[in-house]
Structures are given as structure tokens and as C-alpha cells.
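In case you want the letters, here they are:
2 protein chains.
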Amino acid sequence: MARRPGDGDEADSGTVVTPSAEFPPLAPEELGTLRRIGDRWRADHPGELPIDPTLGRHGGRPTPTRFGRLAPIAMFRREQPDELVATEPANLPGTGFGRALTRLRRAVFGPPLSSAAVLYERMRKLVALPVLSSDLLSSVAYGPEAMLAVLVLAGSAALGLSLPLAAGLVLLMVAVGVSYRQTIPAYPHGAGSYIVAGDNLGAGAGLTAAAGLMLDYVLTVAVSVAAGVHAITSAVPRLAPFAVLLGVLVIAVLLAGNLRGVRTAGNIFVLPTYVFVVALLALLVVGYLRAAGRSFEPVPPPAVPAAEGLGLLLVLRAFASGAVSMTGIEAVSNAVPAFRPPEWRNARTTLGWMVAMLVLLFAALTLLIHLAGLVPRPDQTVLSQLARVTFPTGPWYGLIQAATALILLLAANTAFNDFPRLLFFMARAGHAPRRFLHMGDRLAFSDGLVALAATAALIFVAFGGYTERLIPLYAVGVFLAFTLSQAGMVIHWRRRRGAGWRRRLALNAVGATLSGLVLVTAAVAKFTEGAWVVVIAVPLLVLLFHRVHRHYRNLHAALALHPPPVAPVAAGPAEGEELPQQVRHLVVVPMARLNRASLRALAYAVSLGQPTLAVHIAPEEAEADRFREQWRAWGDHVRLETIVSPYRAVIGPLAHYLEALHDTGPELVLTVIVPEVVLRRSWHRPLHSRTEQRLRRALRPLPGVVVTSIPVHLTE
Amino acid sequence: MARRPGDGDEADSGTVVTPSAEFPPLAPEELGTLRRIGDRWRADHPGELPIDPTLGRHGGRPTPTRFGRLAPIAMFRREQPDELVATEPANLPGTGFGRALTRLRRAVFGPPLSSAAVLYERMRKLVALPVLSSDLLSSVAYGPEAMLAVLVLAGSAALGLSLPLAAGLVLLMVAVGVSYRQTIPAYPHGAGSYIVAGDNLGAGAGLTAAAGLMLDYVLTVAVSVAAGVHAITSAVPRLAPFAVLLGVLVIAVLLAGNLRGVRTAGNIFVLPTYVFVVALLALLVVGYLRAAGRSFEPVPPPAVPAAEGLGLLLVLRAFASGAVSMTGIEAVSNAVPAFRPPEWRNARTTLGWMVAMLVLLFAALTLLIHLAGLVPRPDQTVLSQLARVTFPTGPWYGLIQAATALILLLAANTAFNDFPRLLFFMARAGHAPRRFLHMGDRLAFSDGLVALAATAALIFVAFGGYTERLIPLYAVGVFLAFTLSQAGMVIHWRRRRGAGWRRRLALNAVGATLSGLVLVTAAVAKFTEGAWVVVIAVPLLVLLFHRVHRHYRNLHAALALHPPPVAPVAAGPAEGEELPQQVRHLVVVPMARLNRASLRALAYAVSLGQPTLAVHIAPEEAEADRFREQWRAWGDHVRLETIVSPYRAVIGPLAHYLEALHDTGPELVLTVIVPEVVLRRSWHRPLHSRTEQRLRRALRPLPGVVVTSIPVHLTE
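Heads up: the sequence lines are chains A and B, in that order. The numbering used here numbers the first residue of the first sequence as 15 and each following residue consecutively. The numbering used here numbers the first residue of the second sequence as 15 and each following residue consecutively.
Read the hints as simulated data drawn from the structure, not as lab findings. You may find that some hints are simply not true.
Said to hold, decoys possible - Reference excerpt, derived from the structure (chain A facing chain B, CB under 7 Å, subset only):
(1) V31
(2) A41
(3) L45
(4) T47
(5) G52
(6) V267
(7) L269
(8) T363
(9) V475
(10) F477
(11) A571
(12) N609
(13) V658
(14) S659
(15) S696
To be verified - Chain B is faced by these chain A residues, among others (derived, beta-carbon under 8 Å):
(16) S34
(17) L285
(18) P355
(19) T705
(20) R714
(21) L728
Cβ atoms here follow ideal geometry from the backbone N, Cα and C, with glycine treated the same way.
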């Protein structure tokens, strides 16, 4: 189930990420059960601790040295009577190799950041605008071109269709924009499609939206990087052969930067976004002045022969391709809580500005391209051609290309912020692996970042780094999320029936319908061009999310606290017990031979003060006799059972014997105590039979069998 | 150190392999120490066992069903008061997949064999002869050809040199044969080069001989299979393109047969060996009759242009190549205990016959090949050519080729007997991994067999399956072992100085000198042709054996029993204790959250009746407070220590905290009790953080820290 925003405290729902999400609080009824368990808990020996668990620290604060290893005691400082705080060196692994690796990682990604450093930073509108709009606005760098690239297949005569299609797209942009404007005040804690769809249409719809969004983020990275690299190779054709390598490198740099946990600091976004907008506006102004010089007479495009007939399908494909200009429009609604108060109002205003700018840039660019008579070429982007035509000399051309490449990289970067956050919310609801709840030592969701970068790089390479080939995959995921989110809003209004709910419902219904049309168009018209990947991937992902959720639900049910049975304090079946007075022990020590390791295990076992049984597995009768003789020489202090294993296997008979013991006394907990020789060198491993590990694996499925390893350390 | 034969009881030395070699008996002083440890052993609670460890079996013998799974209790039967015997189903793994795999393996390799089925079979001379001579006699199938193949490089005129070279080789055979005849009575428990050289020349020489022998066995397989396949492709040229594949298949079949544990049943050797000898004798008789018809005038060989000058090096290379005809001569001396009493006398007689037959076949064949004017050809072996010339019609040719191929496969099979035995002796002395002491469930040394087959197949494929290319590698290893063994005998006689020791010493000295000369000749003359591999491999192997031995020696020293300190019964440092009354406990339970799994771990911990401490690692202050609140709700029955880990790591701070605890109380044994969720499906694994495993790995290097896993089984 997706959590309903507004349930519980604010920090635990909506779009706020917390480092302690891995440790959810107990529900009230669980707390009650816990109290009842505690009431019935009896321990024989209260047990004074033989040492001071506070490590003798009472407020003293040793200054930890950054380099060089501290004594373990010095790694902790005390801040409250029953609480220690681990200093940074306490995170280093114990082995030399592990420490070296961690040091290297820290040199690259920076020292660890304390949980207290989580930023709940609020953005002004003028900062929020560039931060949240880089993804959306950068889309105009490839959106119009994607549309033209389809139209030109029907020959240069069909290029004129770009104007009516652009008009349709502008309508779509406005409709979706208005639709999202309404979502913001309704979900002031964050209105991601996953949450809105899940909340109103059910968990399945939420997961479908999530699957669409995940693909969207992956493709945002792949497409933005591809378009950014294309902007670079258009300006510097010598780099063209290295485009794929360049793109992978860019993804790696983005990953590294995000693993460093560079905060969503608005600053790095502000300048490039405004530069891009200003550069584009300059391009448009100069371009239209030049066009005015020609009395707005379109330059006839170079003659391109038609490869396909101009059918409805082609037009629909062109429309769906152009629709990728809208990707990123949902960014503001995800990020409502990041605005300064009143959050929803500021967010809504910002969204208005963004959509207005998008419409302006998109429409003006498409028209100017038409007037300049430009045709997509494989070696140069249309935007690059336009810039060259408009600024034949001077530094302007270079500036425009650089700004384009930069804003595209920033757009890719926003996916690195959003993807792990989406996984975080899904993991919190139990739909994704719980590891995505864990913040790495730089306060970044490292696992999510790596997953995104790896998938995006894979797709980027698989499609040869061509923007054009990636576009068909892109549109489906995006519009799937749009459609579900807005359909969810329709249900929302119908349920709430607040003031003016009919108008709001109608607006969202228009948005949902138009988005749904684009979704179907993209899925059908571009099915063979790559959309099939998405059409297959989304249901598979949803199935996976469901399976993951079922596993966690079962796990949670299995581990949920049950009140202890009231009547008999007597022993129940093993693994049913939850009270110490119900546990009855039998300690079993497998003895292969009599040496220091096995005698230490035996001494440990006996020192627990519980009934103890030693077991020896002998390959033949003669050896069994010899061992019993040694046992008697030692004094026969512990009951010994010998098992002759005529087929010389050790693990199998031992495991079956323990199972048989358990069958005769199902209420007993069998503690199997095995010495484990700790090897210092990995090449020594094949020299040992590793019985401990094999036995542990064989015993793992048995109920009520506990395995204790007694480490024996070799000095060499 | 190589064990001296004659030390201890016979079953534990010499060439007898026992299934219980993995469990060596305690030395007398260790038994004494054991007694002293037992005298001081005190247990607080004697501990009546809560169940019957004999599983309630008092002489009853349920008949185990072969198929279908028995209840665990039924898998054991009782034969003595304190001894159970595991039936065959008790060896089956617990998981369904493991059981299916085991069943498949048994279908291929047969049901397991009981240790009682080890054969200490004694051979009559007439059975021993074919069993032990197949390796030696089969060498004449490629030895003369190997010599001619070198001579022909100097043109067909040089082929005449084969006669004086053969005379030299006959001398060598007699000298080495006489030399080995003397070894047999001196080492009646088996006189492998490893043992003889190690015994007289020191461990280093023994290991060098072992390295030589190991290469010898690997190459015996590779060369015999190559020559056998060549015998087949000579008769059926259509198979020639599949020679390498055929060879690998043959090795796989040999491996499978030996994994089935086909005993060295003389029967399968008797017939082919005698058939081969009879066929060769027939070939010789008819051949010489035909030659007599030409008044023993040699047929002039086809003119072959000289590729190299006829220098001393070439002659030496030819001699060294011809010397591979002697490989296998050491077989009898390895197998003395397998003869009927008086063992050494029967073995010596058999060796005499074998050498006589070798000399006869080798000399007569070489002369006849010369008389027939045959030259090595790539498409046909010389023996095949000779058979074709001698028997142009009739079934004789096919019979000879079939007998040759068969005896060569049997020769390869002898290496499958000897190689694992050599590894067994080396492992018993601690020079090879101990796993080679373990007999598989078919009473075969499975690991050794697989190692041999894999190495031989690798070399066979690497050399393209050409006998000729393998020969240079072969001679060096063989003659290294010969030389060391006989040099060892020289020292033996000098030390013993029994009756006639000067004569014996002289004979062995001659053998050693001649073998040594061949060794140096082979290593130098064939260095660039492949002998360099052996020249490098032998020292590396010896180094490896030494390292393995050092590891086991250190391990043995670390695990040897020490008498307990007499004076204070007080606590010593952790891992020093060997008596239960010296063990002082602190049980630590890491608690991530309060659920059934962690409460079960806590209940288990408290039920042990030892001082217990719970530890919670919190990612931030707020979470720590929340957890403490829950703890108080539960009743605060166990002392809780909270550690805030501001960098969100869990394993590192926990491990360091335990280390710090251990530092404050080094005499304590810290038992860390961790719940372990047992997953039913492997794809669930990425959904869990597997803290238990990671913690175990982190804690493994710490002294005095014991880890106990409490399994929690999920029903789904």
C-alpha cells in the first residue's frame, strides 16, 4: 500500500526523506503487545554485568585523530547516560585492506557526513525556477528536432506539418500544466505520480506510475546525455567518433558527483539555466529579425525524398515524438515541500512561469526552424544549425552550444535526485528492496544512484548513444505517469467534492484524456521502433514490485510481535518461544578430533551450564574405537555419542542426527557449537575442509537449531 | 617430513591407504596432556540430558528403504551401546535440489560404498604382471617412434643411428631395472620415489621426486591418450580431424570410470596386456621371417631431406626421446604390498620379467623397423606402418591397432590409480591439501582424480594432442624421479652397510648416474622444445608443497594440546582457556528493532543465564530516543546500551564497540547473538541487508568473540 500523505507526522510521509526510515516506529497495538510480553518475562539470574558497557566514558570527549587508527575505546564518546556516539573512525572496517579501500573511497567521494547534516533547505521561487526547470526547458533542445525527424521521412514537403503539430503540443502543454497546477494545493506534501495515483486509484496504479517514472528517469539520463553529447559533437565534429565513450564518461561523472552527495544546491543550476534561456531568447530575437528581413518568407528546405508515405500513423508518431518536449513538467509537484511557505502557492506560481517559458520557447523555436528551412541532419542538431545560420560569426554560436550541453547535463542530474527518492518512497512502502532506505555515509542513497547510472549507461550504449532512437522509449513512460497522476486527481475531486470541484475535475479530466491519448499514440505508433520495450517492461516491473511487497508483508507478519500464550508457562515448540523461561537447552558439540580448538569449543559449551552432548562422526569402526579410547583418557566428562558413517560423509549424517534429536525433543533448542579456524591468508582456504561453513549451511533449514562458532585464530 | 616406513603400525605407513587417515591418532605425549586436562576439568552442572541421544534405538534394525526419504530417526541404527551407524540415506543432503543432484550423481557413479569395502587385495604374479606392466610395455608403442622422429630431422641417412642408440637404451633399461630390483627388498612397504628419496636424501628431495612424479602421471595420461588416439586414427583416418575431441572424451571416460571407483581389478588388465604382447610377438615373428626372406637386407627408407645437421645435440635429443620407452618401470616398486607373500620376492621376480619383456620388445621392434625401412609419418604411427607392411591382408592389422589403443588407455588408467595415491601420501605428511586424504563415497580419492583429469586434459588440448610435442616434457619428470629414487638408494646402502652393501651401492650408483645423465640430456637438449615447462614447474611445485607444509605445521602447533596452567584457576586471557571453569561470559545481543526475531534472540540469550547486554545502533538521536522508549515499554529487563552512529553505518561501529568491550575485559568471552532470517528463495536475498553474515565477517578477526545465529524460518 502506498502511504497516505497526511497520515502520521509530517517527517514520516510525503516527500521528506529521513536517515531513520530504516527503523520504522512501532504501531500502537505492537507497543501494547510488547508491554504484555515484558510483563511475563522472567530471567533466572538478573546478571550483574562483569564490565562497564559505557566503556568508562562519562562525558569525556577525546579528540579523534583523522588519520591513524584509534584504540577502539577512543572511538566512542558519551553524550547521555546510556548512549555512546560512534566517531568517524569507528566506521572503518577492521581489516587493513578494507581500511585502505575505505580511505580511497573517501578520498574520491569525501569524508562521511553526519545524519545531522541532512538539509531540509527551502527554495525561493527565483532559485526554484532554474533548479526545477532544467529538465523541462532542456527538452526543447531535442523535442522539436524529434518531431521533425519523423516528419522528414515523408519528404521535405511534410515538414510544414510541424506548425499545426506544434500548436497541438502547446495545447497539450497548457492542459497538462493546468492539471498539475491543481495537483499542487491538493498534495502539499509532495504530489509525485506514484503517490497521487496510488492514493486515488489503488496500489496497482501507483506502482504502474512508479514503473513509468523509473523508466522516465532512466531515459531522462540517457536522452539528455545523448542530446548533450550531440550538442558537443555538432560544435566539435572531431569528437563524433567518441560519442558513446563520452556519454558513458558523463554518466560516470554524474554518478560520482551524486555519490559525493552534492546537495541539490540551487547555485549550480541557477546560472546555466538562465544562460540557456537568455541565449535561446537572443537566438530567437536575432532569428526573427533576420526572418523579418525576408518578410517572414520561409526559406525552402533542401529537397529530401520521401522514404514513407504521409499517413496518419506518421503524423501521430511525429506528435508523440514532439511530446517529449514536456518531460520534466512534473518536477514542481514532486518538490512542493522544498518551497518557502506558503509552499503550495509558491510552487504553483513557479509551475505557471515554467509552463509559460516552455510554451514560448517551444513554439517560437519550432516556427523559426520552419522559417529557416532547416532539416534534421545526423551530424548536427537542428538547434546547432539554427545557431550557425543565425550567428554565422562571433562567439554566440559556441555559447549557445555550450549552454545547451550544460543544461542537458543538469537535466540528467535531476534524474539522479529523483530516482533514488522514488525508490526511497517505494522501499518505505515495501515495494522496493529495503536497502534503498539506507543513506550512504555521504547522506546519498548510494544504491539507488548506482542502479540508475548502471541502467542508463546500459541503455545508452545499447542504443548507440543516438537521441533519435531513444525517443520512442521515452514518451511512453512519461505519459503513463502523467495520465495516471491526473486520472488520480479526477478521482480525488470526485471524492472530496470541495468548492469548485466540478471545474477542477473537468480540468484534470482534460489533462488526463490528452495525456492518455498521447500515451496510446506513442505506444501504438512507436511500438516497433522501441516502445515495445517499455510496454513489456512496465508490467514486469509492476509484477516485481508486487512480489517484493508480498515478501516483505509475509516477513512482517512472521516477525510481528504476538502476545505470549497466557495459560501454560511450560515449553512450547521450538521457535515458538518468546520468553526466556520457555527455552530448554541441549548443547551439542561435534568433535572431529581432540585438539585445542575442539576442546575450547567443548569448554565453552560446558561453561554455559546446560546439558551437553558431544558427537563424533567416524569413517570406520576402528577409528570410532580409537576416539572413544581417547575420550576415556580425557576423563569422559561429557556424554559422547559416536556415529559411524560408513560412507565417510560428515555433514549429512551429522545434520540428520541433529534433526532426529530434534524430532525426539521438539521443545528443545539445540545449540551446535563448532570451532572455526580463522585463516589469515585466502590461499590457505583450499587447504581446509571448511566444515564449519558447510555444517552451518546444512543446519540452516532445521527449525530450533542454533549454530555457535568459536573462532580459533592462527598467529601466522 | 616424509614419514619413515616402518614407523607405527603398518596400516598407517607405507603404501596402504585407509579411510580414517583424516583422523590421525594422538601421539603418546598428547594423550598424556589430554589426561592432565581432563583431571582439572570442572563443570558446574553435570547436566542430565533432556533426551535420549541414542534416539531410542536399542539394537533394533529398521530396514531402510532405498528410495523415498526416511524419517531422520530411522536413518540410524545402533550396533554398540554408545554408537550409532548412519545408513546410506543419512548421506543425502537436506534440500530437494541437493538430493536430486546426489541421486543423479549416484545414477552415474553408482551407490556409495561402505568403508568396509576397501580392498586389500593381494595379486598373484601372473595377474600382477599385466596390471603393473601396461604402462611400461605400452611405451614401446611410441618410444621407438619418438627416437626416429628426432633422427629423421637429419635426413633418412641418420636413421641408421637408431641401432646404437637402442643398444644404449637397452643398457639403460637393464641398469635401471637392476637398480629398482634392489629397492624392492629394501622398502617392502612400498618404494615410491617420493618415499625413497625423502627418506634418504631429505624432505626436499622427496618433494622434488614427488613433483617429477606428478608431472609424470599427468603426462602419462596425456601421452598415452595421444598415442592411443593416434593408433586409432592411423587405422581409421576419417577420425583424424576429431583427434583432440576424441582424446578429451577418453580422459572424461577414464575419470568417470575411476570416480565410480572401479577397483584395480586385475581382470580388465590381464586380457588386453597379454593380447598386446602376443600380437606384438606375432608381428615380430612374421616380420623377421619376411626379413629373413630378404636375407635381412634392410629396405632403404624413403629419401627424406635433412632439416638439421647431424650434431651431438640431435643424437642426445633422439636418445632422450627414446628413453620414454622406460616410463612405468617404477610401478612394481610402488606396489610391493599388493603382492602375495613373500611380497618382496614376488615383486622382484615380476619386475625381472617385465624388464626382460621390455628389452625384448623394444630391441626387436627397433631393429625390425630399421630393416623395414620405415620413417615416422604424421598420418600414421610407425607401429601401424610396420603392421601394415607385415600383414597386408587379414584381420591381423586391425587386431594389433586395437590392442595397442587398448593397452595405451590402460596405461593412462594406471596414472589414475597412482596420482591420487601419491597425493594421499603427500597429504598424510602434510605436503598437499588434506582434502586428498578424503575418500569419496565410492571409496575413490575423488579430488585427486578430478585434479589429474583436468590437468591432463588441459595439457593434451594445449599441445593439440600430438604425442611428439608432449614427449619432451615427459622424459624430464620421469628421469627426475628415477634419479632421485636411485640416488636415495645409494645413501640407503651407505647408511645400512648390510651384507654385500658395496655391490648394491655400486649397482644403484650406476642406475642413478645413467638416469641422471638422461635427465640432464633431456632437460638441456629439449629445453626449447618444451622441457622448460617442466624445469620451471618442478621448483614451483616444490615451493608450493613447502608452503602447504608450513601452513599445516603452524596449524598443528597452534591446535596442539597444552597442559593447563597449574596454579591459578582464575580467568586467563580469552582464547587461552581450555577449562570450562575458566570461561567467563558476557552475552551481547544487537537489537535493530523490536520484533519476534530479535526478541527470540534476546530470550535465548537471557535463558543461558549469563550476564546479558543489549546494544542498539541508531542512525540519529531521535531514533535512539524512540527505541529507548519502546525498551522501557517492554520493561527494561536487560541492560540496553544505545550507540548513535551519525554516519549510519551499523557493522563498523558495532564491531568496534565489541572490540572496545573486549579491551576493557580481555578475560571475557563475548557471545554475540544475532537472529538470522532464513530465506526460502534465493531471489529474496537482495531484499535483505544480510546483517548477520556481514557482522559475522567483521567479527571473525576479533579474539574471544563468539557469534551465535538464531535462525528464524519464514513459512513462505
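Which numbered hints does this structure break?
Of the numbered hints, 1, 2, 4, 6, 7, 8, 9, 10, 11, 15, 17, 18 and 19 do not hold.
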